[in-house]
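For the record, the sequence lines run as chains A and B.
Counted from 1, the first sequence has number 43 at position 43 by this note's numbering; the numbering is strictly sequential.
Numbering-wise, this note's numbering comes out as the position in the second sequence, counting from 1, plus 97.
If you're looking for bench data, these hints aren't it; they were derived computationally from the structure.
Beta carbons: idealized from backbone N, C-alpha and C, even for Gly.
Be a bit skeptical, because a hint or two may be false.
[Stated by the list, open to error] Ranges between beta-carbon positions, derived for each pair:
#1 B/A202 with A/I69: 43 to 51 Å
#2 B/S99 with A/P57: 42 to 50 Å
#3 B/P212 with A/G65: 15 to 23 Å
#4 A/P31 with B/L108: 54 to 62 Å
#5 B/D147 with A/L28: 28 to 36 Å
#6 B/A201 with A/A17: 48 to 56 Å
#7 A/A4 with B/A376: 48 to 56 Å
#8 B/S99 with A/G60: 16 to 24 Å
#9 A/I86 with B/L108: 22 to 30 Å
#10 A/A17 with B/P295: 38 to 46 Å
#11 A/G65 with B/A170: 24 to 32 Å
[Said to hold, decoys possible] Take a look, some chain A residues computed to stay more than 10 Å from chain B by CB distance:
#12 I7
#13 I8
#14 T9
#15 A15
#16 T33
#17 T35
#18 R36
#19 H38
#20 D64
#21 L77
#22 L85
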Amino acid sequence: MSLARDIITIAAVSAGAFFFLAGTVGLLRFPDTLTRLHALTKADNLGLGLVVLGLLPQAGTLRDGLKLISIWLLGLLAGATVSQLIARTARQGETTR
Amino acid sequence: MSIAAVFEILLAAVVLGLGIWTIAVRETYSATVGFVAYGLLVALIWVRLDAVDVALTEAAIGGGLGGVLLLSAAARLRDAEPMAAEAPGKVTRASAAALSVLIAATLAGAVLHLPDSTPTLAPTVVANAWATGLANPVTNVLMAFRAMDTMLEKVVLLLAIIGVWSLAPDNAWGGHPGPRHQADPDGVLVFLARLLPPIGIVVGIYIFWTGANHPGGAFQGGAILASMWLLAIMAGLTDTPPVRRRWLRFILVAGPGLFLVVGLGGLWFGAAFLAYPPAQAKPLILGIEVAMILTIAATLGLLLTGAPERSVK
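Please construct the entire structure, taking both the sequences and the accompanying hints into account.
Below, the structure is given as structure tokens:
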């Protein structure tokens with residue numbers, strides 16, 4: 001049982017790390033602000049979600065699991081808001097230039 | 098070498114590199130962003146050292162509120178930067194470098210000459226935890242064993258806010274600190290500022306409440322409450338209160354004031370200044386902390402909004 005849990009953890013956290021890596025590569029390689037934001041939000045939302053999913057089997061109690069999930073939800077909320085704000089500022093900068 | 102050791106060496110290298118970059122980079126804005134990232138990574142180091150209380154404070158102050166403070170300072174300096182573009186003279190640079198090297202060498206020497214068995218009071222703190230009824234040793238030290246230091250820290254916060262307010266121009270004295278923020282009422286910032294504070298207030302109070310037995314406490318909780326308040330201010334949902342308001346000033350002195358009253362009570366009824374009777378230690382400490390979390394939240398929020406700029410209409 002603990003072996004199955006560990007396998008889920010390793011698989012999900014590795015997948016999450018892959019998304020973070022891909023998002024970072026995109027952040028470094030993509031040409032402009034909007035595409036970079038696109039890469040970054042994929043990393044944050046999917047990567048963090050998969051890491052949390054992978055850590056859930058290791059959470060000792062229901063409370064710890066709920067805390068992990070709420071961390072992911074708050075991360076989603078913050079990431080989505082901040083990327084909207086940055087995108088809006090970037091677009092305004094383009095039109096006034 | 099274990100994975101944890103590799104991770105720690107990597108973390109230390111990144112923090113060092115980021116620190117050097119923050120100093121070396123030319124633009125104020127980039128340096129600020131570097132400093133915020135630096136603060137978050139230092140918080141990770143504290144977690145690795147099992148100092149979760151310090152990590153929470155570092156993340157809240159070094160990464161969060163300190164970052165906001167520096168960003169707004171950078172935004173103000175942007176206009177002044179072309180004027181200050183003149184490079185400092187050779188003598189200034191050489192003496193600054195010499196002074197920095199001297200300080201770094203002294204610190205390195207002090208660290209290298211630390212005694213092998215570091216003198217520690219940690220076992221004594223754990224052994225005397227019964228005296229307060231709180232299980233978190235950090236809270237015990239802060240609120241009971243070294244309560245004097247904590248009280249004086251709160252007085253320092255009060256002095257800091259007086260210092261910021263004293264920068265106000267005469268016609269704005271007693272008025273609202275900072276600019277009145279405007280945001281699109283249907284925009285995403287206003288949406289976040291409506292959605293997040295209920296969650297943030299619960300988390301802030303939870304961090305404060307759990308500080309009795311687990312990592313957390315009034316300072317970390319207060320920092321979260323302050324950031325929720327600032328979010329509402331920045332989204333234009335609420336204005337900063339005029340600093341002449343009686344209730345505002347009462348909140349600012351409530352924490353250190355109650356601390357002082359309880360301390361004098363200890364002198365009157367008990368053994369010494371700030372000595373709590375063990376039976377009432379926990380309720381007394383919690384009472385002081387309730388006053389303190391309000392003071393800390395208000396002080397941090399007002400420190401970030403700055404000096405009064407607009408007079409009351």
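Structure-inconsistent hints, enumerated in ascending order
2, 3, 4, 6, 10, 11, 21 and 22
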